[in-house]
Amino acid sequence: MKQKTIGNETRINRWGYFFVLPFVLVFLLFNLYPTFYTFMLAFTDLRGLRVDFKFSGLDNFVKLVSDQYFWGAVGNTFIIWGWNFFPQLGIALLLSIWLSDIRLKLKCKGFFRAVVYMPNLLTAASVALLFRSLFGYPGGPVNQFLNETLGIYHTGVIDGQQVQQAFNFFRDVTMTRGIVAFIQWWMWYGNTIIMLMAGITSISASLYESAVVDGANSRQTTWYITLPMLRPMMLYILVTSMIGGMQMFDIPFLLTDMRGAPDFKIRTSIVYMYNMAFQGRNDYAYAAAISIGVFLITIILSLIIFFFLQDRSDLKKKHVGGTK
Amino acid sequence: MKKFLIVLAAAVVLMTGCAKKEAKASGTLVVWSFTDELKTMIDKYYSPSHPDVKIEYSLTPTDQFPNKLDPVLASGQGAPDVFALEAAFVRKYIESGLLLDITDIANDVKAKELAYPIEVGTFNGKVYGLSWQGTPGALFYRRSLAKKYLGTDDPAEVQKNFTDLNKFLETAALLKDKSKGKCVVVSATGDLFMPFKGARKAPWVVDGKLNVDPAMLSYMDICKTLKDKGYEGRQGQWSEGWFAGMKGTLKDEKGADVEVFSYFLPTWGLHYVLKTNAPDTSGDWAMCPGPAGYSWGGTWVAAYKGTKNPVAAKDFIKYVTTDDTFLEAWAKDTGDYVSNNTVVAKIKDTYSEPFLGGQNHYAAFATMAASVNGKLMQGSDQAIEGLFNEAVTAYMNGEKTKDKAIEDFKSQVNAQLGF
Chain A
34 MKQKTIGNET
44 RINRWGYFFV
54 LPFVLVFLLF
64 NLYPTFYTFM
74 LAFTDLRGLR
84 VDFKFSGLDN
94 FVKLVSDQYF
104 WGAVGNTFII
114 WGWNFFPQLG
124 IALLLSIWLS
134 DIRLKLKCKG
144 FFRAVVYMPN
154 LLTAASVALL
164 FRSLFGYPGG
174 PVNQFLNETL
184 GIYHTGVIDG
194 QQVQQAFNFF
204 RDVTMTRGIV
214 AFIQWWMWYG
224 NTIIMLMAGI
234 TSISASLYES
244 AVVDGANSRQ
254 TTWYITLPML
264 RPMMLYILVT
274 SMIGGMQMFD
284 IPFLLTDMRG
294 APDFKIRTSI
304 VYMYNMAFQG
314 RNDYAYAAAI
324 SIGVFLITII
334 LSLIIFFFLQ
344 DRSDLKKKHV
354 GGTK
Chain B
16 MKKFLIVLAA
26 AVVLMTGCAK
36 KEAKASGTLV
46 VWSFTDELKT
56 MIDKYYSPSH
66 PDVKIEYSLT
76 PTDQFPNKLD
86 PVLASGQGAP
96 DVFALEAAFV
106 RKYIESGLLL
116 DITDIANDVK
126 AKELAYPIEV
136 GTFNGKVYGL
146 SWQGTPGALF
156 YRRSLAKKYL
166 GTDDPAEVQK
176 NFTDLNKFLE
186 TAALLKDKSK
196 GKCVVVSATG
206 DLFMPFKGAR
216 KAPWVVDGKL
226 NVDPAMLSYM
236 DICKTLKDKG
246 YEGRQGQWSE
256 GWFAGMKGTL
266 KDEKGADVEV
276 FSYFLPTWGL
286 HYVLKTNAPD
296 TSGDWAMCPG
306 PAGYSWGGTW
316 VAAYKGTKNP
326 VAAKDFIKYV
336 TTDDTFLEAW
346 AKDTGDYVSN
356 NTVVAKIKDT
366 YSEPFLGGQN
376 HYAAFATMAA
386 SVNGKLMQGS
396 DQAIEGLFNE
406 AVTAYMNGEK
416 TKDKAIEDFK
426 SQVNAQLGF
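For the protein sequence lines, the chains are A and B, in the order given. Every number in this note's numbering is 33 more than the matching position in the first sequence, counting from 1. Every number in this note's numbering is 15 more than the matching position in the second sequence, counting from 1.
No lab work stands behind these hints, which were simulated from the structure alone. Careful, some of the hints might be misleading.
Listed next, the stretches of chain A that the computed footprint assigns to chain B, with coverage defined by at least 3 CB atoms under 8 Å from CB atoms of chain B [as the list claims (entries may be wrong)]:
| hint | region |
| --- | --- |
| 1 | 82-89 |
| 2 | 136-145 |
| 3 | 164-176 |
| 4 | 248-262 |
| 5 | 275-285 |
| 6 | 292-301 |
Each pair of labels, with its calculated beta carbon distance range [said to hold, decoys possible]:
| hint | chain 1 | residue 1 | chain 2 | residue 2 | range |
| --- | --- | --- | --- | --- | --- |
| 7 | B | E255 | A | V148 | 24 to 32 Å |
| 8 | B | L74 | A | G90 | 39 to 47 Å |
| 9 | A | Y150 | B | K269 | 36 to 44 Å |
| 10 | A | C141 | B | K269 | 26 to 34 Å |
| 11 | A | F311 | B | V221 | 21 to 29 Å |
Simulated crosslink set (SDA-like; lysine to any residue; CA at most 20 Å straight-line) [what the hints assert, rightly or not]:
| hint | chain 1 | residue 1 | chain 2 | residue 2 |
| --- | --- | --- | --- | --- |
| 12 | A | K87 | B | P81 |
| 13 | B | K242 | A | Y307 |
| 14 | A | K298 | B | I421 |
| 15 | A | K298 | B | K266 |
| 16 | A | K96 | B | P81 |
| 17 | B | K239 | A | L183 |
| 18 | B | K239 | A | R83 |
| 19 | B | K266 | A | G105 |
| 20 | B | K244 | A | R210 |
| 21 | B | K320 | A | R83 |
| 22 | B | K269 | A | K298 |
| 23 | B | K193 | A | D192 |
| 24 | B | K269 | A | T182 |
| 25 | B | K415 | A | G105 |
| 26 | B | K125 | B | A381 |
| 27 | B | K54 | B | P81 |
| 28 | B | K269 | A | K87 |
| 29 | B | K415 | A | R83 |
| 30 | B | K269 | A | Q280 |
| 31 | B | K239 | B | I421 |
| 32 | B | K197 | A | D192 |
| 33 | B | K83 | A | Y150 |
| 34 | B | K269 | A | D192 |
| 35 | B | K415 | A | I191 |
| 36 | B | K197 | A | R83 |
| 37 | B | K242 | A | R83 |
Yeah, the Cβ is synthetic: ideal placement off N, Cα and C, and Gly gets one too.
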């Protein structure tokens, strides 16, 4: 077919380029160019209200590697992401297995799926502000509920005397990180469920049928068929969630003082990057170096995850074949 | 010879007259603002009196304004000729070297203008921005509470209880005692930040190094004392509870009433914060200077260095920020405290504010405005104060010792700002 180049066929092929042209142009202009520009900025000294800059070699990266606050921010990001990811995967797994189980005969599946996915449709900024006022001190709804309805108080000291006070949630590191992790979990578990359900429905029904014929119960089919077959999907979710988690910004940024209070313990790497670029002396060059640092960390971790979690049965077979 | 001289004089007069005519503002000005006040000034006053100048106006919300202005000023492409700058970020631009030098206008009007807005607009001896307003701050207190606990609601008498820091703490203790713990002097410790900031002797950055002024250290101490002794309402500024305190409806966790004695607010705070949020308490308020003179907020007007129409730009700035006739009309329209002392002197005795029980706020602000120091403001203030606030809160809540909090603050400032 290919050797016969009829005029008609080449013309059709050329139209294809025209169809992808808008995307390619937008991509080059708004995606590829800024990416390269950021890479370039990281090697300059661009700072403040200027457009001219000098190349300063690896200066920004030398500073980055020894910047305790950068590593602190990376640590914060991981803690919050971890607290959100593992419960998210667990609960999403459970719900997706229930929602897709044929034998349970659940009614209104579509309704449940919509409800579970709903939080993901909200703007992160408004969710952050909502939780900010929910957990407000001293008169937020959560405190009102704890104090007035349940009669639970924080014991404070005023003038040497113990007094019952409301909880100042956003001055407690564990609590504040927990709230951020909870919001992330709540907003994203619906998305994970959709992914897992797609994975489950793509498992061939004949596997389940033959297992049932062999007398397997639903615990066994879940354990020996669903979970192993979901492995690639879970790997995909882990990697995408980690990439998203490393870029966590709006919730920790807006929840407290835009600088990661209390004690900069919810300052994620991207919040730190924003602080550098737009809230201080407009240190664009160092902010670019931070983005590249985050980018490198993400790549390295993704590679490690792939290396450890990929299905290695194929590799093993090859290896066994070699020794023979 | 005499005749010749007269002719010569006439010629000179004629020529300078012509020259002046040539320098008259005309053409187009692109004006950017974050406040619609400037739009009103243009539509109602500037354009009718300057038909030769065509204004192209555009409004951007405050939080996005610097992000919109930064790139065009840096590159010079698509930059506006004249723009408004808010107190929070005005110094960043004044110090940038990108603004039009307007020292000549400032020198023309210096004699009749309030000193501190010009000081804020000055960098390395040159003036780059001017303001039409002064925003001195005061201590607003509830008359009924003052009568009940201090025995008087007369501003001069009440001021005697707030002359300095020690007196302030004594009064705070007195209010708590006499009210049996019901009355707090302020609802939020953050209320005291602006007066303490105004009481500094030196700015945050001196010779490229971070300088923690003694006033800032005593701010940390007083926050801690107020909290530990229960003299404050434990609210956050601008929070629901903070506004409830103004209305007199604040309650604590147990449902007991909390009376808030006072709020530290500037000129605009009276009109846009107190009046709008606590209309029911109208007449029960009064104002006195409090422990330190300070200013809070305000809008400056500046021009871009590379403007194609510097004559019109300067003329515009001079008109909206200093013109006698315009500012008098503006003050009468809006109640704004203007930066032109001639106008202030002319109108200040005509005011009587019903919200303050008939007190003349304009005259009171006039005395407070004179004590403001405009040399303390710097471009890096906002960033430094954001970090300082975390240190104060950590110390106040007993999370860190004072030394540790200050040490962490210095290290954060060094990492983020390089001081």
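These are the hints, each one checked on the structure:
Coverage of a stretch by a chain is defined here by at least three residues with a beta carbon nearer than 8 Å to that chain's beta carbons; for the region 82-89 of chain A and chain B the count is 3, and the condition holds. Residue count for the region 136-145 of chain A with a Cβ under 8 Å from a Cβ of chain B: 0. That is fewer than the three needed, and the coverage hint is violated. Beta-carbon proximity to chain B at under 8 Å applies to 6 residues in the region 164-176 of chain A; the threshold of 3 is reached and the given coverage holds. Residues of the region 248-262 of chain A with a Cβ under 8 Å from some Cβ of chain B number 0, which does not satisfy the need for three, so the listed coverage is violated.
Beta-carbon proximity to chain B at under 8 Å applies to 0 residues in the region 275-285 of chain A; the threshold of 3 is not reached and the given coverage is violated. Three residues within the 8 Å Cβ limit are the bar, and the region 292-301 of chain A against chain B gives 5, so the coverage statement holds. With their beta carbons about 30 Å apart, E255/B and V148/A fall inside the hinted range of 24 to 32 Å. The hinted window of 39 to 47 Å between L74/B and G90/A holds, with their beta carbons roughly 43 Å apart.
Under the hint 36 to 44 Å, the C-beta atoms of Y150/A and K269/B, about 41 Å apart, fit the expected range. Distance hint check for C141/A and K269/B: the Cβ-Cβ separation is about 44 Å, which falls outside the suggested range of 26 to 34 Å. As the Cβ distance of F311/A to V221/B is approximately 25 Å, the hint placing it in 21 to 29 Å holds. Proximity of K87/A to P81/B is assessed by CA-CA distance (about 24 Å); at most 20 Å being required, the pair is judged violated.
Of the supplied pair hints, the one linking K242/B and Y307/A is violated, its CA atoms being roughly 32 Å apart against a limit of 20 Å. Annotation: proposed proximity of K298/A to I421/B holds, straight-line Cα distance about 17 Å (limit 20 Å). Distance check on the hinted pair: K298/A and K266/B sit about 31 Å apart at the alpha-carbon level, beyond 20 Å; violated. This hinted pair does not check out: K96/A and P81/B have alpha carbons roughly 28 Å apart, beyond 20 Å.
For the hint linking K239/B to L183/A, the alpha-carbon distance of about 30 Å lies beyond 20 Å, and the restraint is violated. A C-alpha spacing of about 41 Å is found between K239/B and R83/A, which places the hinted pair above 20 Å, so the restraint is violated. The straight-line distance between the Cα atoms of K266/B and G105/A is roughly 39 Å, outside the 20 Å bound, and the hint therefore fails. A distance of roughly 30 Å separates the Cα atoms of K244/B and R210/A; the hinted pair therefore is violated under the 20 Å criterion.
Our distance criterion of 20 Å between C-alpha atoms is met by K320/B and R83/A, whose separation comes to about 14 Å. With a C-alpha separation of about 31 Å, the suggested pair K269/B and K298/A falls outside the 20 Å cut-off, and the hint is violated. Distance check on the hinted pair: K193/B and D192/A sit about 16 Å apart at the alpha-carbon level, within 20 Å; holds. At roughly 11 Å between alpha-carbon atoms, K269/B and T182/A fall within 20 Å of each other, so this suggested pair holds.
Taking the CA atoms of K415/B and G105/A, the gap is about 18 Å. The hint holds against a cut of 20 Å. Only pairs whose Cα atoms come within 20 Å are accepted, and K125/B paired with A381/B is accepted, the gap being roughly 17 Å. Among the hinted pairs, K54/B with P81/B is consistent with the structure: their alpha-carbon atoms are about 19 Å apart, no more than 20 Å. Simply put, K269/B and K87/A have alpha-carbon atoms about 61 Å apart, too far for the 20 Å limit, and the pair is violated.
The straight-line distance between the Cα atoms of K415/B and R83/A is roughly 39 Å, outside the 20 Å bound, and the hint therefore fails. In summary, the hint linking K269/B to Q280/A is not supported, as the alpha carbons are separated by about 42 Å, beyond the 20 Å threshold. A distance of roughly 14 Å separates the Cα atoms of K239/B and I421/B; the hinted pair therefore holds under the 20 Å criterion. A C-alpha spacing of about 14 Å is found between K197/B and D192/A, which places the hinted pair at or below 20 Å, so the restraint holds.
For the proposed pair K83/B and Y150/A, the alpha carbon gap of about 36 Å is over 20 Å, so the pair is violated. Between K269/B and D192/A the alpha-carbon distance is near 18 Å, which keeps this suggested pair within the 20 Å criterion. A threshold of 20 Å between alpha carbons decides the hint, and for K415/B with I191/A the separation of about 18 Å falls inside it, so the pair holds. The hinted pair formed by K197/B and R83/A fails the criterion: a straight-line CA distance of about 54 Å is larger than 20 Å.
Distance hint between K242/B and R83/A is unfulfilled; the C-alpha atoms sit about 44 Å from each other, more than 20 Å.
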